[in-house]
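> Residue numbers (the numbering used here), protein chains in the order written: chain A, 1 to 242; chain B, 243 to 441.
It should be emphasised that the hints constitute simulated quantities derived from the structure, not laboratory data.
Where is the CB? At the ideal position from N, CA and C, for every residue including glycine.
Some hints here could point you the wrong way.
To be clear about the criterion: a stretch of chain A counts as covered by chain B if any three or more of its residues have a C-beta under 8 Å from a C-beta of chain B, and this derived list gives those stretches [stated by the list, open to error]: (1) 130–142; (2) 210–219; (3) 229–239.
Derived DEER-like restraints, expressed as beta-carbon distance ranges [claimed, not checked]: (4) A:Ala242 to B:Leu289: 16 to 22 Å; (5) B:Leu268 to A:Leu92: 30 to 36 Å; (6) A:Val187 to B:Asp364: 57 to 63 Å; (7) A:Lys140 to B:Gly299: 43 to 49 Å.
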Amino acid sequence: MNKGHLNCSTDKYHSLGQQLLFWSLTGLMLIPLVAAAHNISESNARFVEGLSGPAIVPYLYLGAKHMVTGYDHLLYLVGVVFFLRRLKDVVLYVSLFTLGHSITLMTGVLAGLSVNAYLVDTIIGLSVAYKAFENINGFKQVFGFQFNAKAAVLIFGLFHGLGLATKLQDLSLSSDSLVINMLSFNVGVEIGQVIALTCIVAVLGLWRRQSGFQRQAFIANTIIMTLGFLLAGYQFASYLWA
Amino acid sequence: MNTSATQTNAIEVSLRKIILASLAALMVSGLILTVFILPAEFNQDPLGLGEALGVKGLSEPQTIAKTVRKEDANYHQDMVSFKLLPFEFVEYKYALSEGSALLYSWTAQDAETLESSLVSFDFHGESHDVEGYEQSYSEGNDDHENGTFTAPFNGIHGWFWGNHGAATVTVTLKTTGFYTESLEFRDGFVKKEVLTNQP
Chain A
1 MNKGHLNCST DKYHSLGQQL LFWSLTGLML IPLVAAAHNI SESNARFVEG LSGPAIVPYL
61 YLGAKHMVTG YDHLLYLVGV VFFLRRLKDV VLYVSLFTLG HSITLMTGVL AGLSVNAYLV
121 DTIIGLSVAY KAFENINGFK QVFGFQFNAK AAVLIFGLFH GLGLATKLQD LSLSSDSLVI
181 NMLSFNVGVE IGQVIALTCI VAVLGLWRRQ SGFQRQAFIA NTIIMTLGFL LAGYQFASYL
241 WA
Chain B
243 MNTSATQTNA IEVSLRKIIL ASLAALMVSG LILTVFILPA EFNQDPLGLG EALGVKGLSE
303 PQTIAKTVRK EDANYHQDMV SFKLLPFEFV EYKYALSEGS ALLYSWTAQD AETLESSLVS
363 FDFHGESHDV EGYEQSYSEG NDDHENGTFT APFNGIHGWF WGNHGAATVT VTLKTTGFYT
423 ESLEFRDGFV KKEVLTNQP
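Put together the whole structure using the sequences plus the hints.
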């Protein structure tokens with residue numbers, strides 16, 4: 001049992017430097033929320049459509065941009081790693097998520113699978129609410145059972161990938177270098193995910209050591225659940241009326 | 243140490259709190275959706291609150307307003323002519339409010355031979371709202387110009403014509419538009435005419 005290092009006295013972490021780091025990282029995390037750009041912007045789309053042949057760097061960039069500015073993916077990731085204390089677990093869960101979305105991203109694009117983006121985004125919104133509800137122990141307490149968290153992250157990863165595939169196909173990829181461009185986009189998504197997760201894990205790690213984290217974590221997950229419902233409702237309304 | 247089951251659930255809270263939090267999440271998101279997002283983004287207003295708050299239809303495309311601009315009855319069609327002796331000049335302007343349109347066509351011809359003749363011109367506007375503000379729309383030397391014009395600001399908009407030739411020139415201007423006044427500047431005098439609404 002090496003629980004000792006987890007329950008360090010809180011004042012040790014209350015130095016000015018720690019506080020500054022905590023708040024600046026929190027601010028950094030909010031940037032993508034301000035940059036409200038879920039869909040690949042029109043000028044970006046026109047740019048890549050004008051390209052023919054392999055375009056590794058543009059697609060890398062677009063993949064990373066889509067992840068870093070996609071608040072639905074980010075919120076889900078925050079939910080997934082919220083209570084993961086150990087880097088090993090972060091890597092495990094994120095790998096499952098990556099595996100899930102890579103499978104559907106690639107098969108979706110290669111098979112030309114076209115699903116309604118609004119419905120996929122509705123499910124992605126619900127995945128955010130689901131994860132937050134699981135984080136406050138909702139399934140166990142309210143329904144008396146719990147889905148396997150690892151299976152859930154893989155399955156929701158499949159849906160997130162379906163969303164990515166739909167967005168990528170909106171760009172009407174030229175078929176001559178489809179595979180290389182799609183792979184570049186996928187790698188870009190993972191780069192963006194690493195960038196986002198670095199900030200998220202760092203902030204959560206510092207936050208966890210603050211006093212009152214348990215109470216704040218409950219409120220934070222309730223807020224994440226609200227945002228998840230909001231995203232799902234917004235996307236479903238787009239499906240109905242947009 | 244149990245690593246799989248407890249790893250992701252670190253909060254221990256009462257059932258009551260979980261249910262309350264979940265209901266609050268549903269209600270808050272539902273309220274934001276029905277009061278703000280549905281009326282503003284989708285023009286759907288189930289509670290009528292979007293209209294009351296003035297957010298209804300916020301994101302409706304404004305395409306109709308861009309191509310059609312309705313005007314009160316200030317519709318005028320005019321034709322005016324100016325005789326310009328060598329080295330004479332004249333300015334003729336219409337009062338137009340911002341966004342009002344004008345269709346115009348002017349020609350310049352030798353008063354004797356009736357052949358087309360070059361004049362120097364400057365189509366420009368002066369603001370009513372900003373003292374001394376002027377903007378030039380089109381200028382040069384030519385014997386004619388046709389076009390459509392939408393006033394970029396409230397003010398008087400029109401032409402300067404100057405005759406730099408040796409012969410007398412007649413400039414003829416035809417306009418259709420929603421102007422309220424015409425002004426002629428010549429020899430240091432201003433001739434102003436208020437145009438009444440035509441039924």
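> State, for the Cβ atoms of Ala242 (chain A) and Leu289 (chain B), whether the hinted interval 16 to 22 Å holds or is violated.
holds (20 Å)
> Taking a Cβ-Cβ distance under 8 Å as contact, does the segment 130–142 of chain A have three or more residues in contact with chain B?
Since three or more residues must qualify, the claim that chain B covers the segment 130–142 of chain A holds, with 10 doing so at under 8 Å.
> Starting from the range 43 to 49 Å, see whether the pair Lys140 (chain A) and Gly299 (chain B) falls in it by beta-carbon distance.
The hint (43 to 49 Å, Cβ to Cβ) holds, given that Lys140 (chain A) and Gly299 (chain B) are roughly 45 Å apart.
> Hint says 57 to 63 Å; check whether the CB-CB distance for Val187 (chain A) and Asp364 (chain B) agrees.
holds (59 Å)
> Can you tell me if the segment 210–219 of chain A counts as covered by chain B, using C-beta to C-beta distances under 8 Å and a minimum of three residues?
Three-residue rule met by the segment 210–219 of chain A, so holds; n is 3.
> Take the C-beta atom of Leu268 (chain B) and the C-beta atom of Leu92 (chain A), compute their distance, and say whether it sits inside 30 to 36 Å.
holds (31 Å)
> Taking 8 Å as the Cβ threshold, is the statement that the segment 229–239 of chain A is covered by chain B upheld or broken by the three-residue rule?
holds (count 6)
Violated hints are absent here; each numbered hint is respected by the structure.
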